[in-house]
Amino acid sequence: MTFANLALDIDALPSARDIDLKPLDPRYRKEVLTQSLLIWGVLLLISFIPSVIVAKPPEVKTRLLLLPVIMTTATVLFTVLAVKMAAAKRMALRDHDIVFRSGLWWRKTVLLPRNRVQHIELSSGPLQRKFGLASLKFYTAGGAAVDLQIDGLSQEHARSLRDHVMQQNL
Amino acid sequence: MTGTWRRTSPVAVVFFLTKALKFLVTDGFAMLAPAVAWFATASDGMKVWAGVWFAALAVLGAVWAVLSYLRFRYQLTDSQVLVRRGVIQREQLNIDFDRIQDTSIDEPFYVRPFGLAVLKLDTAGSAQKEIALAGIGVDLANQIRNTLLRFQPQTTDPNTDAAETVPESAPVLLERSNRQIVRYGLTANGLLWVAVAFGVLAGALGEEAWETAGEFVLERLRMGTLLETGGPARGLLLALSLLAVPVLLALFSVLGALWRYANYQLTAEGGSFRRSSGLVSRQQQTLKGSKVQAAVWKQNAIARMLRITNLQLRLVSAGQEVNSSGMPASTPAFLVPALESDELIPVTREFLPDAPTERPDFTGINRAYHLKRSLWYWLAPVGGVTLGLSFAIGFYAAIIPLLGLTIAVVSIRLRSSKFGIAIRGATGFLRSGFIGTHTAVFSLRKVQRVDVCQSPGQRKRSLATLNVHLASHTITIPHVTLADAQHFADITLYHVESSTRSWF
Numbered sequence: 014m015t016f017a018n019l020a021l022d023i024d025a026l027p028s029a030r031d032i033d034l035k036p037l038d039p040r041y042r043k044e045v046l047t048q049s050l051l052i053w054g055v056l057l058l059i060s061f062i063p064s065v066i067v068a069k070p071p072e073v074k075t076r077l078l079l080l081p082v083i084m085t086t087a088t089v090l091f092t093v094l095a096v097k098m099a100a101a102k103r104m105a106l107r108d109h110d111i112v113f114r115s116g117l118w119w120r121k122t123v124l125l126p127r128n129r130v131q132h133i134e135l136s137s138g139p140l141q142r143k144f145g146l147a148s149l150k151f152y153t154a155g156g157a158a159v160d161l162q163i164d165g166l167s168q169e170h171a172r173s174l175r176d177h178v179m180q181q182n183l
Numbered sequence: 381m382t383g384t385w386r387r388t389s390p391v392a393v394v395f396f397l398t399k400a401l402k403f404l405v406t407d408g409f410a411m412l413a414p415a416v417a418w419f420a421t422a423s424d425g426m427k428v429w430a431g432v433w434f435a436a437l438a439v440l441g442a443v444w445a446v447l448s449y450l451r452f453r454y455q456l457t458d459s460q461v462l463v464r465r466g467v468i469q470r471e472q473l474n475i476d477f478d479r480i481q482d483t484s485i486d487e488p489f490y491v492r493p494f495g496l497a498v499l500k501l502d503t504a505g506s507a508q509k510e511i512a513l514a515g516i517g518v519d520l521a522n523q524i525r526n527t528l529l530r531f532q533p534q535t536t537d538p539n540t541d542a543a544e545t546v547p548e549s550a551p552v553l554l555e556r557s558n559r560q561i562v563r564y565g566l567t568a569n570g571l572l573w574v575a576v577a578f579g580v581l582a583g584a585l586g587e588e589a590w591e592t593a594g595e596f597v598l599e600r601l602r603m604g605t606l607l608e609t610g611g612p613a614r615g616l617l618l619a620l621s622l623l624a625v626p627v628l629l630a631l632f633s634v635l636g637a638l639w640r641y642a643n644y645q646l647t648a649e650g651g652s653f654r655r656s657s658g659l660v661s662r663q664q665q666t667l668k669g670s671k672v673q674a675a676v677w678k679q680n681a682i683a684r685m686l687r688i689t690n691l692q693l694r695l696v697s698a699g700q701e702v703n704s705s706g707m708p709a710s711t712p713a714f715l716v717p718a719l720e721s722d723e724l725i726p727v728t729r730e731f732l733p734d735a736p737t738e739r740p741d742f743t744g745i746n747r748a749y750h751l752k753r754s755l756w757y758w759l760a761p762v763g764g765v766t767l768g769l770s771f772a773i774g775f776y777a778a779i780i781p782l783l784g785l786t787i788a789v790v791s792i793r794l795r796s797s798k799f800g801i802a803i804r805g806a807t808g809f810l811r812s813g814f815i816g817t818h819t820a821v822f823s824l825r826k827v828q829r830v831d832v833c834q835s836p837g838q839r840k841r842s843l844a845t846l847n848v849h850l851a852s853h854t855i856t857i858p859h860v861t862l863a864d865a866q867h868f869a870d871i872t873l874y875h876v877e878s879s880t881r882s883w884f
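Chains A and B, in that order, are what the protein sequence lines are.
The first sequence runs 14 to 183 under my numbering.
The second sequence runs 381 to 884 under my numbering.
Some hints here could point you the wrong way.
[To be verified] Residues on chain A that point at chain B, a partial pick, calculated with CB under 7 angstroms:
#1 38
#2 123
#3 153
[To be verified] Quick list of the computed label-pair ranges, beta carbon to beta carbon:
#4 B/520 x A/98: 52 to 62 angstroms
#5 B/797 x A/132: 52 to 62 angstroms
#6 B/764 x A/58: 32 to 42 angstroms
#7 B/457 x A/98: 31 to 41 angstroms
#8 A/55 x B/442: 53 to 63 angstroms
#9 A/86 x B/403: 46 to 56 angstroms
#10 A/55 x B/403: 50 to 60 angstroms
#11 A/179 x B/720: 17 to 27 angstroms
#12 B/842 x A/46: 47 to 57 angstroms
#13 B/841 x A/168: 23 to 33 angstroms
#14 A/103 x B/643: 12 to 22 angstroms
#15 B/756 x A/58: 51 to 61 angstroms
#16 A/135 x B/462: 46 to 56 angstroms
#17 B/841 x A/34: 35 to 45 angstroms
The hints are simulated quantities; they were obtained by calculation from the structure and are not laboratory data.
C-beta: ideal position from N, C-alpha, C; glycine also.
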């Protein structure tokens, strides 16, 4: 077995810092907005129930209306947050790896070499399909957890990305 | 696929019996403990029923063992091991030879007289799918082992596996004297913490408490004759029994180490490594060098005092759904115990040929920020205890936060000084620890994924947390400078992406 250990010019290595990261599909923000409003909307409706079923003292009834008020605030807050987080996600596909950055305050950058990808899962739920979106899950060896999940990709983009990464692996 | 299903020797029943017993002692312990307590306190009439219950349990175990043996079949094809097994739910396993990363041949004392052995095969799959061919001839076990190791898949790159043929006489890389194994036994982790806890407990409780507790214990033991002699002898007895606990634990730990690792011998056969050891049962564990994902240098406080390091080889881990206890899921590791400081690097280089010839200098983390961050975790417990105690003992409770914070600062400092990252050539080193250290040494090209994470506070200070995912386990180093983290990630990616050698 021949083995050479060449000295690397470390400064000449491509750095993950200088990558041009692209935001995800603009429809993804809409999808997140819809999803968030749907879930919180249901919770908001439920929060009316106590004040409706309490029949008698009207002052208690009014006080119970505080619940929907709190719920509305939460709805606005969490929906804005969800959309902002969706907007903050960035990704880049390089020759040899996939770079994915997420997080508003706690920021995380995942560097996934393409030749370490074991398999890829492509999925799209009913809401995602409505917006023409899909999710890609990348798995590597060791541990059963998903290594990288990218939610807001257009279906065509997700499919071509999957085929591209898998083709190179062969 | 042709071939006949073969059956193992009936001695395998004993193997399955020990397996059932092991299950009962380890997993069934919680279930068993109240039963034993009940048995101890039950009246005589009830004792009969308890006896019946235990007998039923024993019969159940025996029936399970016999059925397990009867239902177990195996056969070998050109490239696969096939196993059919299962008492209630039957299953067939097909294991490709080149997926097997670790084999071991055990000769427990109960199969040895029959010239039999237990061949265990470990795949990169889940731990539940571990395969043991119990009660096959020793010669057959060796023959299967050699077949597995010599097996070359047709499609691999000739550069990677060409060296992996097994010569007839394997050179001995390393031998451990039983004295060294005793020292390894002393470094068992549990022992350390029990000893520390005992020291603290013995100091914290006053004499009176001990006497009351002692009286209670002795009364239970009904050691009437000794107790007649009165106070001083009683105290002495108590002190002795107190001392006995850590000593006994140390003894057990050393015996356990000797049981498994006595007469330790490490041999290399081409690209494979073999450990043979064992006091009563001989054990041979063999793994392919190319399957090693990382070598871990483990040196806890006791090992540090004894100036030894234990080296553990990590293989591809089983995956998370297997491990119910939330522990880092990894297959039982291949261990090289009690390495002296001058042996550590040469032995590591046997497993990782690219590793450098000397220890690296580690780049540390931002200790001030680590202290600041970590103190938050201590705030709640220290505050809670102070508040609680201030109701009970009043003014003196003020000592608690002072004491608690001092302990916190000292231990956080100890921990932060141990974190370190280093790269030498194509090898990465990630170190963590508290009093001792835990250093993962790995070929950079075997890394699966790298994460660089930043909290808001870290972003202000240009710090980052580095997560390096290996196929065996994940290592997290907090609060390194962002530049260091990115540097580590860039070099790692370079090696992963430019390497054409298989990582598995």
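*Report the numbers of all earlier hints that the structure fails to satisfy, in ascending order.*
The structure breaks hints 1, 5, 7, 10, 11, 12, 13, 14, 15, 16, 17; every other hint is satisfied.
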